[in-house]
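Q: Sequence:
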Amino acid sequence: MQHQKLIEEFKDYLLTLGYSKQISYELPSTINRFLIYIKEEKGKRLSKVSKKDLEDYIFHIKESISPKTKRKRSVVQINSYIYALKHFSQFLSRAKSQRLSVHHLEYLKDSSRNSRTPLTIEEVKRLFEVTDNTKFGMRDRAMLTLFYSCGLRRNEGITLETTDIDFKNRTLFVKNGKFGKQRYVPFTEKSKEYLEEYIYKGRPQFIRKAKKKKRKTLFISKNGLALDSQSLILRVRKLGEAAKINRTFGLHTLRHSIATHLLQKGMSIYSISKFLGHSSLESTQIYAHIVEDEIIKEQF
Numbered sequence: 001m002q003h004q005k006l007i008e009e010f011k012d013y014l015l016t017l018g019y020s021k022q023i024s025y026e027l028p029s030t031i032n033r034f035l036i037y038i039k040e041e042k043g044k045r046l047s048k049v050s051k052k053d054l055e056d057y058i059f060h061i062k063e064s065i066s067p068k069t070k071r072k073r074s075v076v077q078i079n080s081y082i083y084a085l086k087h088f089s090q091f092l093s094r095a096k097s098q099r100l101s102v103h104h105l106e107y108l109k110d111s112s113r114n115s116r117t118p119l120t121i122e123e124v125k126r127l128f129e130v131t132d133n134t135k136f137g138m139r140d141r142a143m144l145t146l147f148y149s150c151g152l153r154r155n156e157g158i159t160l161e162t163t164d165i166d167f168k169n170r171t172l173f174v175k176n177g178k179f180g181k182q183r184y185v186p187f188t189e190k191s192k193e194y195l196e197e198y199i200y201k202g203r204p205q206f207i208r209k210a211k212k213k214k215r216k217t218l219f220i221s222k223n224g225l226a227l228d229s230q231s232l233i234l235r236v237r238k239l240g241e242a243a244k245i246n247r248t249f250g251l252h253t254l255r256h257s258i259a260t261h262l263l264q265k266g267m268s269i270y271s272i273s274k275f276l277g278h279s280s281l282e283s284t285q286i287y288a289h290i291v292e293d294e295i296i297k298e299q300f
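In the numbering used here, the protein residues as written are 1 to 300.
Treat the hints with care, as some may be off.
Quick list of in silico lysine-lysine cross-link-like pairs, BS3-like style, CA-CA up to 30 Å [as the list claims (entries may be wrong)]:
| id | residue 1 | residue 2 |
| --- | --- | --- |
| 1 | 48 | 125 |
| 2 | 21 | 192 |
| 3 | 21 | 11 |
| 4 | 62 | 51 |
| 5 | 222 | 212 |
| 6 | 68 | 238 |
| 7 | 135 | 5 |
| 8 | 125 | 21 |
| 9 | 52 | 5 |
| 10 | 68 | 5 |
| 11 | 244 | 211 |
In short, the hints are calculated from the structure, not lab data.
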């Protein structure tokens with residue numbers, strides 16, 4: 001089928017450019033849904049897609065219910081569709097001499113993103129405290145360790161492999177950072193304890209159901225598959241409910257929180273920027289503003 005051949009070529013194109021396996025799978029999968037929509041809803045070939053068709057598609061994504069989460073998609077999820085379309089357009093232009101009018105599609109602004117309140121140190125402690133000693137609890141503690149204690153981004157955490165963890169030197173090798181950047185992230189002795197507990201005790205219980213027994217992906221599902229980001233988000237929200245944290249938060253909030261806490265404890269903004277893998281200090285400045293706001297609240 002021409003449709004599937006195009007998807008495979010797009011995947012190969014991304015891999016050739018050096019994108020991670022995760023991205024090289026997710027973007028073609030997203031575009032596959034777009035092509036199905038164009039064919040079934042619009043009755044058009046790709047070469048006949050107009051700006052209006054693209055706008056209609058994004059509106060459809062905004063208003064429809066995700067079959068996976070059973071709820072409307074978040075701003076981040078909607079932007080991932082726009083991101084995929086823009087990359088697909090580049091592929092068509094370079095490899096097929098075709099054009100897809102995506103330049104007018106603008107990313108949605110998440111009004112809550114910059115004002116997202118970080119968790120308190122006490123709330124983070126409660127998240128760890130509500131975990132149990134089952135294989136799921138060990139995985140939960142490893143998850144909290146990576147996204148809070150090590151401050152990883154969502155994609156950095158879900159693509160991490162067991163071989164990326166150096167217990168001797170207590171460092172993580174992040175090879176799928178933003179914009180393809182790589183870095184080493186140090187971790188504490190306590191983090192080492194949680195990661196070792198999961199890898200040597202909890203993870204083997206998940207891997208037993210895996211068809212690929214030598215799977216390197218750190219996070220494994222109960223079915224022995226690589227755990228996806230949505231499953232991790234749902235898991236952290238379940239921990240939040242158990243810890244009686246009365247607001248919705250996700251993996252990025254954990255990263256957001258450790259940065260704020262490190263700044264509160266006196267770590268320099270330069271060191272925090274390096275720790276988080278920011279490309280510029282501007283990205284890290286938001287945490288300084290959060291701490292300043294908290295100081296003002298305490299004084300008045």
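Q: Now, for every hint given, state plainly whether the structure supports it.
A: Hints, one by one, checked against the model:
Among the hinted pairs, residue 48 with residue 125 is inconsistent with the structure: their alpha-carbon atoms are about 55 Å apart, more than 30 Å. Distance restraint check for residue 21 and residue 192: the Cα-Cα separation of roughly 27 Å lies within the 30 Å cut-off, and the hinted pair is therefore satisfied. Restraint check for residue 21 and residue 11: the C-alpha separation of about 9 Å stays at or below 30 Å, so the hint holds. Taking the CA atoms of residue 62 and residue 51, the gap is near 17 Å; set against the 30 Å cutoff, the hint holds.
Taking the CA atoms of residue 222 and residue 212, the gap is near 14 Å; set against the 30 Å cutoff, the hint holds. With a CA separation close to 17 Å, the supplied pair residue 68 and residue 238 stays within the 30 Å bound. The straight-line distance between the Cα atoms of residue 135 and residue 5 is roughly 41 Å, outside the 30 Å bound, and the hint therefore fails. For the proposed pair residue 125 and residue 21, the alpha carbon gap of about 34 Å is over 30 Å, so the pair is violated.
Under the criterion of a C-alpha separation no larger than 30 Å, the hint pairing residue 52 with residue 5 is consistent with the structure, at around 26 Å. As the CA atoms of residue 68 and residue 5 are separated by approximately 26 Å, the hinted pair is consistent with the 30 Å bound. For the given pair, residue 244 sits about 37 Å from residue 211 by alpha-carbon distance, which is inconsistent with the 30 Å threshold.
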